[in-house]
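J.: Here is how the chains run, residue by residue.
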Amino acid sequence: MISEIGFVFLTLTLVISSFSFAQLIYSHLNLKNFAFNHLKVTNLIFFFTLSSFISLTYSFLISDFSLNVIAQNSNSQLPTIYKFTGVWGNHEGSILLWLLVMTFFGFLFSKNSSATEEFKNNVLKIQNSLCFLVVSFVIFTSNPFEKSFPYPIEGGDLNPLLQDPGLAIHPPFLYLGYVGFSIIYSISVAALSGGVKKYFIKILKPWVFISWIFLTCGIGLGSWWAYYELGWGGFWFWDPVENASLLPWLTASALLHTIVVADKKKIFINWTIILSILTFILSLLGTFLVRSGVLVSVHAFANDPTRGVYILLLLTSISFFGIFKYINKNIQMGRTDISLISREGMISLNNIFMLSLTFTILVGTIYPLFASVLFNSKISVGAPFFNSILMPVMFPFIAGMIIGPYTKWGKDDLILLLNRIKILILCFFIISLLVWYLNYKTPILSIIFIALGCWIIFSSLFEIFQFINKKLRIPKKTFAQVTAHIGIGLLIIGATGSSILKQEKIQFQEVGQSLKIKNFDVEFLGVKKIEGPNYISQMGVFSIKKQGKKIKILRPEKRFYNAGKQVTTEAAIHSSIFGDLYIAIGDVHEDKTKWTTRIWFNPFTIWIWIGVFFLATGGSISFLNSLSRQQ
Amino acid sequence: MIIFIFFMNIILSEAVAIEPNEILKNKELEAQARAIGKELRCLVCQNEDIQNSNADIAKDLRKIVRIKLEKGESKEEIMDFIHSKYGDFVLFSPPLRFDTAGLWLLPISFFILLTFYFFRKR
Amino acid sequence: MKYFFFVFFFFCIFILYEGLQKDPNLVPSNLISKKIPEFSIKSLQGKNFTNVDLENKEVVILNFFASWCPPCKVEHPQLLKLSNIIPVFGIAKKNKKNDLLPWLEELGSPYEVIGMDHNGLQSVNWGVYGLPETFIIQNGLVKYRHVGPIMKRDLEIFKNLTKKK
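Protein chains in written order, with the working numbering: chain A, 1 to 631; chain B, 1 to 122; chain S, 1 to 165.
FYI, nobody ran anything at the bench for these hints, they're computed from the structure. For each residue, glycine too, the CB sits at the ideal point set by N, CA and C. Be aware that a few hints might be false.
What the hints assert, rightly or not - With a cut-off of at most 16 Å between alpha-carbon atoms, the simulated EDC-like pairs for lysine to aspartate or glutamate come out as follows: (1) Lys594/A - Glu19/B; (2) Lys94/S - Asp56/B; (3) Lys505/A - Glu22/B; (4) Lys121/B - Asp337/A; (5) Lys378/A - Asp99/B; (6) Lys505/A - Glu19/B; (7) Lys68/B - Asp80/B; (8) Lys22/S - Asp304/A; (9) Lys505/A - Glu30/B; (10) Lys35/S - Glu55/S; (11) Lys411/A - Asp337/A; (12) Lys34/S - Glu55/S; (13) Lys27/B - Glu504/A; (14) Lys25/B - Glu504/A; (15) Lys378/A - Asp23/S; (16) Lys505/A - Asp521/A; (17) Lys378/A - Glu18/S; (18) Lys27/B - Glu70/B.
To be verified - Here chain B is said to cover these stretches of chain A; the calculated rule only asks that three of the stretch's residues, wherever they fall, bring their Cβ under 8 Å from a Cβ of chain B: (19) 380-386; (20) 500-508.
Extracted from the complex, chain A is given alone in its bound form (with noise of 0.2 Å):
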């Protein structure tokens, strides 16, 4: 009964936003222009998609398997936690998720921009368009009401790896992220068509902070679940559904910094229009890519090339509206010179590095169906190679990073530029030596990470120094950015650290053998049987010493689960600043006295957390910021 209301919710969406379309598409084949007020329409479609996701939410949560998506994805043995967050744990959910997050920022645009009622009625035609899209999309190839048949008795299993507090909240932040950078396109959008003034930059502003912020959040959270749940303490492995995530990051990260130059100094305007369109259309790209089967991947959803077809037709046009629009305008800007040493030239030059990043990256996510498709080739672009360009490109990212906050804006010189900040670069030297004769017995690329990633923090605080020297009070962007470059520094030095720097030891353990890694004492006391709420649990103990003195004592699993048959191995973690012991337990070995254990010390791990919860910090400062100067 309630799913069947959910529905009905779902084609009210659809019939209430077809008439934005309906007027988006009269207005631009020039027939008669009726006026129409879209915010009316973004108000009910965010209310009927809400009724309709928490109808599937309430279905989930009472395993009603006369859906086929929970009879195919949800289990009533299920710990109710995991019945909620399956909700979007499937393709169908996920999606209506999507929509539900693309109608809620029409409405919250509706609610709280300072824009004109005209300039918001004109960008919600826009957004409330693009639901329409979605919905279709949804009711017709993706619905999650779609009945089961034969209606089971018990639903199949939610994948054990989904059922994980950590993964249970990475979807949502990251359709705040990409799903909210849909406003920043219906907000650039709106201004090409012409008759808003320049003041729109404003009125982006606050939108492309808080989607960056969530999405941020989004594949930091991503990454931390890989880190402590695969049993691998790796963090990023490239898998291109990964890769997807992190393109829109990174336009919207450059975007971020153009959109303040737009703002102060009124150039940019059209750089920043066309990376708020591009955004957008590479977290539909992204979406295509997941969810069509055309790439192989672990994230990938239960894939269907059909599907595939609908999101393609998808992408194809609100890109192509998003391009021709832009191409149309009907706005000129002012146009300067740009000289590479000022602020100007420092923005510019993070731009074509964070674009040519992203570019490089969808390359080689990407060449493998090229070349399967032109050339019948079959290859792989994997880790090595991602790796081998993300290096070159980290040292003029990092050059940028410090000297830019120094450059003046309009033209700087380059001796005075040195000159200014030659205190810096004497504390560069220093803290470069100090780094090396700390690890001196290290790889030369950590210490080179390690030490460019404290310069990084230097500079920044010594940004806020210079400040406090000179009494005066500092500025609120001047914090932002401070706390979002620590950010980086902290997670260059936590990336390198627990990549080049782990510690490793792999063997078969006895039963009261203690091994020694890093300066900690690791025992093996056993194995225990443990039965969980829907799992048998293998669960090693070890005893961790340091010193004699008794620290912890860690439960590493391996868990076998009752419903769908999978096995899951539960790392257990010790973090500190310095670095995590990390440690999974394998299989018996024959003899039975034995097991499989792999220990690891992994250095300054913690800090790539820290250092994404800064970036996060520094944004959300930024987002204040620009709430507050909206006029």
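Starting from the structure of chain A, add chains B and S where the hints point.
T.: Structure of chains B and S alone, referenced to chain A:
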């Protein structure tokens, strides 16, 4: 530059599926085996390398790499052998050829074009 | 300039569309049209089984299988049918003799000779990445590789490819 690239291959090394009895006694050879392992794709998995997979083919390839290293074969010889049996798909970094050249040419061209776009005289 | 963008845009969309029709998981064999690999292993009976045994025939089928592999059981009837028209050789991967013999007794054996690949190295020698896989060998050259079990509908392909000239 070559040393630089060599180091880059040490980065982000995970080796989860390796069993204790696979690990070579000679630490240097084992390190080489790891470096090679990261470049070889597990053909039946979703985008994993042979060290992070429990699949049969991954185990067999890991074994062959180590057997050949102990025989004294070089990294090139081993990669060539596996490449000749399994084709381009097994290599995570494709060989440089006319149909794969775009992988490097496209990004470089893009970078140059973008630099001109930003710093052009208007 | 504008037209260039649109042409390029639709070209990319077209490629993505074509990509949807392809199966990203299918790996083509690198041995096609090449001479069969040299090998020498023991057969189930204990005799020697080498590449020469496959080269001196006009058309031959080589099937990689194992008793512990469920799809191998599924394709067995088709192999029996094929063995009536073409000689079929097998290589059992990581199979113990004691497991293999009863399996063959129960299902019947289409194989003239079964090579034992105890360590999996022979499978790698042939570029095999999963089971079952079947090769059609013509005059000592690899003509075709079939990945996965041979189903009834695949029999036509096999018959066509192995037609005697």
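J.: All hints are to be evaluated individually against the structure, with a verdict given for each.
T.: Here's how the hints hold up against the structure:
Using a Cα cut-off of 16 Å, the hinted pair Lys594/A and Glu19/B holds, with the two alpha carbons roughly 13 Å apart. A hinted pair counts as satisfied when its Cα atoms are at most 16 Å apart, and Lys94/S with Asp56/B qualifies at roughly 10 Å. Pair hint Lys505/A plus Glu22/B holds up; C-alpha atoms about 13 Å apart against a cutoff of 16 Å. Taking the CA atoms of Lys121/B and Asp337/A, the gap is about 6 Å. The hint holds against a cut of 16 Å.
A C-alpha spacing of about 11 Å is found between Lys378/A and Asp99/B, which places the hinted pair at or below 16 Å, so the restraint holds. For the given pair, Lys505/A sits about 11 Å from Glu19/B by alpha-carbon distance, which is consistent with the 16 Å threshold. Restraint check for Lys68/B and Asp80/B: the C-alpha separation of about 12 Å stays at or below 16 Å, so the hint holds. Only pairs whose Cα atoms come within 16 Å are accepted, and Lys22/S paired with Asp304/A is accepted, the gap being roughly 12 Å.
Among the hinted pairs, Lys505/A with Glu30/B is consistent with the structure: their alpha-carbon atoms are about 13 Å apart, no more than 16 Å. For the hint linking Lys35/S to Glu55/S, the alpha-carbon distance of about 9 Å falls within 16 Å, and the restraint holds. Distance check on the hinted pair: Lys411/A and Asp337/A sit about 10 Å apart at the alpha-carbon level, within 16 Å; holds. For a cut-off of 16 Å, the pair hint linking Lys34/S to Glu55/S stands: about 12 Å separates their Cα positions.
Of the supplied pair hints, the one linking Lys27/B and Glu504/A holds, its CA atoms being roughly 12 Å apart against a limit of 16 Å. A C-alpha spacing of about 15 Å is found between Lys25/B and Glu504/A, which places the hinted pair at or below 16 Å, so the restraint holds. Distance restraint check for Lys378/A and Asp23/S: the Cα-Cα separation of roughly 11 Å lies within the 16 Å cut-off, and the hinted pair is therefore satisfied. Taking the CA atoms of Lys505/A and Asp521/A, the gap is about 12 Å. The hint holds against a cut of 16 Å.
Under the criterion of a C-alpha separation no larger than 16 Å, the hint pairing Lys378/A with Glu18/S is consistent with the structure, at around 15 Å. Distance check on the hinted pair: Lys27/B and Glu70/B sit about 12 Å apart at the alpha-carbon level, within 16 Å; holds. Residues of the segment 380-386 of chain A with a Cβ under 8 Å from some Cβ of chain B number 6, which satisfies the need for three, so the listed coverage holds. With 6 residues having a Cβ less than 8 Å from any Cβ of chain B, the segment 500-508 of chain A passes the three-residue criterion, so the hint holds.
The structure fails none of the hints (numbered hints given earlier).
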